[in-house]
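Student: Residue strings, one per chain:
There are 2 protein chains.
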Amino acid sequence: MGSVLERADLLIRGCVVLPMKTMDLIENGAIAVEDGRITFVGKSSSLCGIKAEKTIDARGKVALPGLVNCHTHVAMTLFRGLAEDKPLDVWLREVIWPLEAKLTSEDVYAGALLGCLEMLKSGTTCFADMYFYERAVAEAVRESGIRGVLAEGIIEAGNLELGEKTFNNSVIFAESFDGYAEGRVSTMLAPHAAYSCGPELLRRVKRKASELGVGVHIHLAESAELFRKFEGVYGCGEVEFLHKLGFFDGHVLAAHCIDLSESDRRVLAEHGVNVVHVPVANMKLGLNAARIKALVDLGVNVALGTDGPASNNTLDMFETMKFAALLQKHVYRNPGVLSAYQVLRMATLDGAKALGLDGIIGSLEVGKKADIVLVDLSKPHLKPLHDIYAALVYSTRGSDVDTVIVDGRVLMENRKVQTLDEESVIEKAERHAADLLARKP
Amino acid sequence: MGSVLERADLLIRGCVVLPMKTMDLIENGAIAVEDGRITFVGKSSSLCGIKAEKTIDARGKVALPGLVNCHTHVAMTLFRGLAEDKPLDVWLREVIWPLEAKLTSEDVYAGALLGCLEMLKSGTTCFADMYFYERAVAEAVRESGIRGVLAEGIIEAGNLELGEKTFNNSVIFAESFDGYAEGRVSTMLAPHAAYSCGPELLRRVKRKASELGVGVHIHLAESAELFRKFEGVYGCGEVEFLHKLGFFDGHVLAAHCIDLSESDRRVLAEHGVNVVHVPVANMKLGLNAARIKALVDLGVNVALGTDGPASNNTLDMFETMKFAALLQKHVYRNPGVLSAYQVLRMATLDGAKALGLDGIIGSLEVGKKADIVLVDLSKPHLKPLHDIYAALVYSTRGSDVDTVIVDGRVLMENRKVQTLDEESVIEKAERHAADLLARKP
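Protein chains in written order, with the working numbering: chain F, 1 to 441; chain X, 442 to 882.
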């Protein structure tokens with residue numbers, strides 16, 4: 001059957017296409033793009049006589065939806081490799097927080113630009129970020145061409161004034177930057193955690209989020225130690241506490257979700273809370289393992305995230321996919337838990353859903369935004385190719401990504417990023433990191 | 442202080458050098474090589490007026506000892522991605538063993554060549570292999586220029602004739618190929634496991650190994666299920682059983698060592714057994730986690746291995762280092778367990794020791810063989826560079842390796858392998874894998 005398409009801005013052809021809507025894959029497939037949206041997904045042979053502004057011969061490659069990193073703090077590239085092998089609270093109190101107290105908007109911009117560069121080079125086309133000076137992250141998104149769901153962090157930590165100030169900043173950011181960078185930026189509100197924001201503040205955040213029609217991004221049940229402290233104060237766990245506040249009504253993106261009871265899991269399932277699993281940072285900080293299978297079995301939507309590069313130490317979602325699959329197999333002592341396909345789906349369509357963006361990205365379907373990556377399958381570690389999903393989850397590295405497209409725009413081709421000058425981005429981040437370390441508090 | 446060196450075959454200069462003998466590192470360092478051995482390690486500035494046949498300007502790179510993969514079955518590249526997400530026994534009985542029954546020496550050669558290519562491209566310069574048709578693996582070692590400690594597998598599985606035949610093959614291989622390929626091949630005997638070789642056969646293996654002066658490579662305590670079956674037959678665990686046989690006298694390389702009691706660990710420590718930790722394959726198969734810290738605390742020498750690519754699915758030792766560090770931090774719920782330096786040491790000097798080769802490889806020292814890799818530090822995911830060990834273990838991918846040198850010979854430069862034609866190696870492996878799958882039993 002021929003296609004009626006006569007023209008396209010961009011045509012990708014000759015590759016395996018994984019639409020990621022179902023397990024179906026298309027051999028010798030093609031994708032056509034016009035005005036930033038996908039206008040065709042199917043067999044290359046169905047597109048006869050189409051005229052395209054740009055054609056990518058993608059033989060030997062696989063096209064898949066760009067990966068979606070649902071929890072990170074990209075500007076923390078600046079702290080990569082600082083304070084290794086320390087417990088979470090020591091790491092935060094002795095190293096990260098004192099440095100963050102000295103951060104400027106320019107530092108965040110430099111770090112975020114490096115993070116965007118790293119994400120593009122490893123196949124991530126959309127990320128959810130929570131940090132300070134989020135406007136600077138929005139600038140990095142604009143400049144790099146990536147997509148971002150950004151939120152300014154809200155933290156109280158017993159200081160009502162701080163809570164008020166960060167709340168206001170978060171609201172102003174969410175209002176002003178929703179739709180920024182040709183619509184590639186959307187926004188959320190981001191209360192840091194139940195233990196660092198009081199109940200009144202959390203209620204206000206929820207009311208405001210509902211009023212603005214944005215989601216809420218929060219750290220939830222990250223460590224057993226924090227849980228015990230929290231229980232000592234409030235007499236219940238974080239999930240029960242937030243549930244009683246009505247916090248789970250509306251769109252919630254909850255990162256970590258490690259130390260949950262079965263009844264906590266049911267609460268998350270009943271309220272459609274989106275869980276972000278962060279296996280690499282969780283393992284590196286010596287935390288418990290989230291029981292992702294139990295959440296999936298209850299129908300919870302689970303996405304994947306890298307966390308900030310200071311506790312990972314990369315933003316490579318291919319690596320995170322492998323860790324996610326293998327950690328669950330280990331935790332359940334069952335190699336059948338979390339198949340490669342399931343994990344790839346968490347990193348694409350389920351990730352998009354977690355961000356409320358599954359209507360526009362996350363799969364390769366006609367009408368969706370053209371956020372596409374091409375992975376070069378010609379590498380020795382991907383051969384022979386018996387199983388494309390296994391190859392992508394268990395063997396592919398971020399460096400095997402050859403081409404990255406966001407909104408139909410080619411941001412990287414043959415591993416060369418088109419929107420950023422790699423050397424100057426790196427040099428700028430190095431300068432800001434060195435300056436920050438030397439800076440007086 | 443100037444150096445007295447007047448000439449070198451190869452000179453590497455301008456890089457950070459990690460000798461890996463201690464934690465000392467050399468900024469703006471240099472390494473000189475003559476006749477395949479290291480003749481200088483120190484500051485670049487100490488080498489004035491030296492004449493070198495070939496000079497590598499290694500600015501922006503780090504030089505470290507080539508990585509040592511202490512447990513694999515390289516030819517299993519052919520099975521990469523076959524039979525995913527299955528339990529160990531099903532995976533073996535239903536997929537791997539039926540295919541292995543059809544294997545030819547030519548298949549093993551094709552698979553081993555692909556494995557050697559993959560290892561070189563990810564910075565591994567020496568590997569310990571146990572498989573069938575090990576002569577074909579020795580040929581791949583000769584051709585690729587890598588170093589290998591090879592052993593033909595011995596298996597009885599209740600069939601005395603099979604035990605006799607594989608024992609004889611293993612002995613003939615060990616005798617004939619020790620020192621092959623300009624000395625880059627050394628040999629061991631490789632009884633598959635305590636549960637698959639009877640006590641009489643294991644005693645013969647040990648006697649023969651001692652007579653030939655070679656080590657013994659074995660799978661040990663890999664799965665709790667196998668342990669229960671074994672205990673049902675012999676009334677004790679594998680370690681106690683082998684200990685009573687005197688199996689641990691002499692050089693032993695024991696892969697996995699997962700399900701151990703404290704007294705098992707003491708036995709291994711007292712006998713100087715070399716343990717190979719295989720975190721990726723262990724997690725992927727849903728097995729328990731080896732308690733590596735407990736072994737290290739008792740003074741056991743621990744090395745790292747990838748296992749065969751059918752259960753990993755790569756041969757990338759950088760990935761294995763990250764998994765090793767993070768799995769132990771998770772198991773002990775302590776981010777301080779296994780520092781990045783410790784893990785890098787397991788993958789270099791301790792790996793060499795596990796193979797009985799620490800006198801000639803594993804660290805960058807004058808007099809040792811020049812097995813060196815250069816990692817390109819200019820990548821976004823390695824920046825800023827606050828901690829070189831953390832960068833190598835937590836951020837570096839195999840694809841960041843730029844140059845690989847074995848025995849002073851440059852096998853890869855600017856990621857181009859000099860000894861093998863990449864495309865034809867891949868094409869040959871693909872052909873053999875497809876043919877094997879289609880072949881009648």
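Quick caveat, the hints were computed from the structure, so don't treat them as lab data. One or more hints might be untrue.
To be verified - According to the in silico footprint, chain F covers these stretches of chain X (three or more CB under 8 Å from chain F):
{"id": "1", "segment": "670–682"}
{"id": "2", "segment": "719–726"}
{"id": "3", "segment": "761–775"}
{"id": "4", "segment": "832–841"}
Claimed, not checked - Partial chain F-side listing against chain X, Cβ under 8 Å, derived:
{"id": "5", "residue": "Leu82"}
{"id": "6", "residue": "Glu84"}
{"id": "7", "residue": "Leu117"}
{"id": "8", "residue": "Ala269"}
{"id": "9", "residue": "Glu270"}
{"id": "10", "residue": "His271"}
{"id": "11", "residue": "Gly286"}
{"id": "12", "residue": "Leu326"}
{"id": "13", "residue": "Ser339"}
{"id": "14", "residue": "Ala340"}
{"id": "15", "residue": "Tyr394"}
{"id": "16", "residue": "Ala429"}
Note that the structure is predicted; figures quoted are calculated from it, not measured. Quick reminder that beta carbons are idealized off the backbone N, C-alpha and C, glycines included.
Student: Work down the list of hints and note, for each, if the structure agrees.
Tutor: Now the hints, each set against the structure:
Note: the segment 670–682 of chain X has 0 residues with beta-carbon separation from chain F under 8 Å; the three-residue rule is not met and the coverage is violated. Evaluation of the coverage hint for the segment 719–726 of chain X: fulfilled, as 5 residues show C-beta separations to chain F shorter than 8 Å, against a requirement of three. Counting residues of the segment 761–775 of chain X whose beta carbon lies closer than 8 Å to any beta carbon of chain F gives 10, which reaches the threshold of three, so the coverage claim holds. Look at the segment 832–841 of chain X against chain F: 7 of its residues bring a Cβ nearer than 8 Å to a Cβ of that chain, three or more, so the hint holds.
Hint on F:Leu82 holds. Least Cβ distance to chain X is approximately 5 Å, under the 8 Å limit. Using the Cβ-Cβ criterion of 8 Å, the hint placing F:Glu84 at the interface with chain X is satisfied: the shortest such distance is roughly 5 Å. Given the 8 Å rule on beta carbons, the hint for F:Leu117 holds: about 5 Å separates it from the nearest Cβ of chain X. Here the hint on F:Ala269 is broken, as its CB sits about 24 Å from the closest CB of chain X, past 8 Å.
Taken as an interface hint, F:Glu270 does not check out: its beta carbon lies about 29 Å from the nearest beta carbon of chain X, beyond 8 Å. The closest approach between the C-beta of F:His271 and any C-beta of chain X is roughly 29 Å, which is over the 8 Å cut-off, so the hint fails. Checking F:Gly286 against chain X by beta carbon gives a least distance of about 4 Å; that is within 8 Å, so the hint holds. A distance limit of 8 Å between C-beta atoms decides the matter here; for F:Leu326 the minimum to chain X is near 4 Å, and the interface restraint holds.
The beta carbon of F:Ser339 is positioned within 8 Å of a beta carbon in chain X (closest approach about 5 Å), and the interface hint is therefore held. Contact between F:Ala340 and chain X, as hinted, is supported at the beta carbon level, the nearest pair being about 6 Å apart and thus within 8 Å. Against a cut-off of 8 Å between C-beta atoms, the interface hint on F:Tyr394 holds, since the closest Cβ of chain X lies about 4 Å away. Interface restraint check: F:Ala429 against chain X, minimum CB-CB distance 6 Å, threshold 8 Å, status holds.
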